[in-house]
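Chain A is already provided as a structure; the job is to place chain B on it using the hints.
Protein chains: 2
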Amino acid sequence: MTVLAVDIGGTKFAAAAVEDDGTIMARAEVPLKGRTRPEEALLEVVGRVTGEVPAARLEGAGIGSAGPLDPVAGTVSPVNIPAWRDFPVVEALGRLLPGRPVRLAGDGQCMALGEWWRGLPEREPSGAVLGMVVSTGVGGGLVLAGEPYLGPTGNAGHIGHITADPDGEPCPCGAAGCVETLASGPSMVRWARANGWTGEDARALALDAGAGVAVAGLAFRRAADALATAILTASALLDLDRVVIGGGVAAAGPVLMDPLRQAVARNAGLGFLRRLRVTATGLGRDAGLLGAAALVLPR
Amino acid sequence: MTVLAVDIGGTKFAAAAVEDDGTIMARAEVPLKGRTRPEEALLEVVGRVTGEVPAARLEGAGIGSAGPLDPVAGTVSPVNIPAWRDFPVVEALGRLLPGRPVRLAGDGQCMALGEWWRGLPEREPSGAVLGMVVSTGVGGGLVLAGEPYLGPTGNAGHIGHITADPDGEPCPCGAAGCVETLASGPSMVRWARANGWTGEDARALALDAGAGVAVAGLAFRRAADALATAILTASALLDLDRVVIGGGVAAAGPVLMDPLRQAVARNAGLGFLRRLRVTATGLGRDAGLLGAAALVLPR
Numbered sequence: 001m002t003v004l005a006v007d008i009g010g011t012k013f014a015a016a017a018v019e020d021d022g023t024i025m026a027r028a029e030v031p032l033k034g035r036t037r038p039e040e041a042l043l044e045v046v047g048r049v050t051g052e053v054p055a056a057r058l059e060g061a062g063i064g065s066a067g068p069l070d071p072v073a074g075t076v077s078p079v080n081i082p083a084w085r086d087f088p089v090v091e092a093l094g095r096l097l098p099g100r101p102v103r104l105a106g107d108g109q110c111m112a113l114g115e116w117w118r119g120l121p122e123r124e125p126s127g128a129v130l131g132m133v134v135s136t137g138v139g140g141g142l143v144l145a146g147e148p149y150l151g152p153t154g155n156a157g158h159i160g161h162i163t164a165d166p167d168g169e170p171c172p173c174g175a176a177g178c179v180e181t182l183a184s185g186p187s188m189v190r191w192a193r194a195n196g197w198t199g200e201d202a203r204a205l206a207l208d209a210g211a212g213v214a215v216a217g218l219a220f221r222r223a224a225d226a227l228a229t230a231i232l233t234a235s236a237l238l239d240l241d242r243v244v245i246g247g248g249v250a251a252a253g254p255v256l257m258d259p260l261r262q263a264v265a266r267n268a269g270l271g272f273l274r275r276l277r278v279t280a281t282g283l284g285r286d287a288g289l290l291g292a293a294a295l296v297l298p299r
Numbered sequence: 001m002t003v004l005a006v007d008i009g010g011t012k013f014a015a016a017a018v019e020d021d022g023t024i025m026a027r028a029e030v031p032l033k034g035r036t037r038p039e040e041a042l043l044e045v046v047g048r049v050t051g052e053v054p055a056a057r058l059e060g061a062g063i064g065s066a067g068p069l070d071p072v073a074g075t076v077s078p079v080n081i082p083a084w085r086d087f088p089v090v091e092a093l094g095r096l097l098p099g100r101p102v103r104l105a106g107d108g109q110c111m112a113l114g115e116w117w118r119g120l121p122e123r124e125p126s127g128a129v130l131g132m133v134v135s136t137g138v139g140g141g142l143v144l145a146g147e148p149y150l151g152p153t154g155n156a157g158h159i160g161h162i163t164a165d166p167d168g169e170p171c172p173c174g175a176a177g178c179v180e181t182l183a184s185g186p187s188m189v190r191w192a193r194a195n196g197w198t199g200e201d202a203r204a205l206a207l208d209a210g211a212g213v214a215v216a217g218l219a220f221r222r223a224a225d226a227l228a229t230a231i232l233t234a235s236a237l238l239d240l241d242r243v244v245i246g247g248g249v250a251a252a253g254p255v256l257m258d259p260l261r262q263a264v265a266r267n268a269g270l271g272f273l274r275r276l277r278v279t280a281t282g283l284g285r286d287a288g289l290l291g292a293a294a295l296v297l298p299r
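Chains A and B, in that order, are what the protein sequence lines are.
Using UniProt numbering, read the first sequence as starting at 1 and increasing by one per residue.
Using UniProt numbering, read the second sequence as starting at 1 and increasing by one per residue.
Okay, chain A solo, but in the shape it has when bound:
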């Protein structure tokens, strides 16, 4: 069985044909830069995949998208794609695959689902897994009792918008002190620059942290503390077995993961929290595509 997986990001679209054992048969990627009609980019990226694996062979489509989105209505309004507001992406792909299921979830949810399906070394049938994407924002998704948990309106997993600091700075979501205001790439860069760092972006900040520049290291430890609070909060509520971290900021590696694991270990109170394993993604950028495929593949 083969399905179409589509990943709608803020700067590019990706698509793949995925087998039911997780094998990626064909893939394509199209940058959005300079495009005024993103739906043309969507048709192009899907067309490249169906050029290799005919649409007639695809038994459904799973879509992971940057938010906000409305999985019930099947529409997306990605913050970084102003031309799409309530764009009916499920309907658009449904026209290409008539009569076959098309499902939509958030990019963080798809990443979590992909890591759970293909990234973990062993499958835990009753596992409780949180996947986190630490990048331009902080997103996430949940697998509970061995099933993707998307929530009644499809919005579960918004770990970037839980409170890490009630007295913290305002968040674009309308609340204050959200994890995202402390641990997203842009918020780390903003904080470092306000404290004397002169670099440009999160990648440079990670390099400086690795090279021992104090303020850069502090920016990562501050983000790690916020992420640890979020992880322990989710674990106290959900009795998690495992947290998998991906995304551009997480790609920094030990400068994030070391202080993060230390903060989780230091602040874990209740006994059952201490069995939690926090690991970096095993799938990298494929996690989102595999998770999107998993939305429509039998498990």
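There may be inaccurate statements among the hints.
[Said to hold, decoys possible] Over 12 Å on every C-beta distance to chain A, these chain B residues come out as not near it, computed from the model:
#, residue
1, A194
2, N195
3, G210
[Claimed, not checked] Output of the computed footprint for chain A on chain B, the stretches with three or more beta carbons under 8 Å from beta carbons of chain A:
#, region
4, 4-11
5, 143-149
6, 265-277
[What the hints assert, rightly or not] Just the calculated beta-carbon pair ranges, DEER-fashion:
#, chain 1, residue 1, chain 2, residue 2, range
7, B, T23, A, D167, 38 to 44 Å
8, A, P121, B, P88, 30 to 36 Å
9, B, R203, A, D167, 29 to 35 Å
10, A, V72, B, T198, 51 to 57 Å
11, B, R48, A, G271, 31 to 37 Å
12, B, P88, A, G146, 26 to 32 Å
These are computed hints drawn from the structure, not numbers from a lab.
Keep in mind that this is a model prediction, so the values were computed, not measured.
Note that the Cβ used here is the ideal one computed from N, Cα and C, for glycine as well.
Just chain B, lined up with the frame of chain A:
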């Protein structure tokens, strides 16, 4: 079909025979004060129920217990019952009902399950419900996708031990600034007394708050803020439909519920959080017994 429900509290044991429509056929309660052998109290409270509904008619038993507990091993170690450490309560009741299922969950989990099963005005098949017990501690439980969610080790729902204030006071659990350090009855009383209040307990504090004593009202607003943070955190993660609040402190009524609803409305950022309904328990003290019964009743 009739099952036995048992509620193991820190100061009393309760038991009931419960029908599969939620009708309570017989009930008993035994205080623990002055007892050195709590298992005798357990046999006594169950014996009073089986005196009215014979044990042969009971098709299983559900137990809700104060924590900590180990639902996998079937043992309980309630903080306020020092004579019980790893007491094998599932085995003890299994001897009374040989060959029939005996299940154990936390008291907060049972309260949530009872409210979901019998307390809500309408059943929401795919509902996501958080039940909270605000009392000597702050506990809770979850119903997700229309099923009780207890977690891989049975410890889901520990909402009293999520962080409300990272710079807050130490919590007996080992972490700092847990919701329980701000919103449990004893923590509210401690804070009020440190700020000039001279009353004795949470009940007196609620009366004073209702009578307009400023420091008492502030103690409730402070607790309400912490509970609102916890509720919005759980909702961002789990896309909750509803939160039901019970327990001794919640029985104070509007002095807690009014500032709590206001804080939830004020701090709800993301759009999907705004549909959340926060209500006081509809079942009162029966919620725990009904939820314990629901652990073994077909749903």
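For this session: Go through the numbered hints given earlier and state which of them the structure violates, listing their numbers in rising order.
Result: When the structure is compared with the hints, numbers 4, 7 turn out to be violated.
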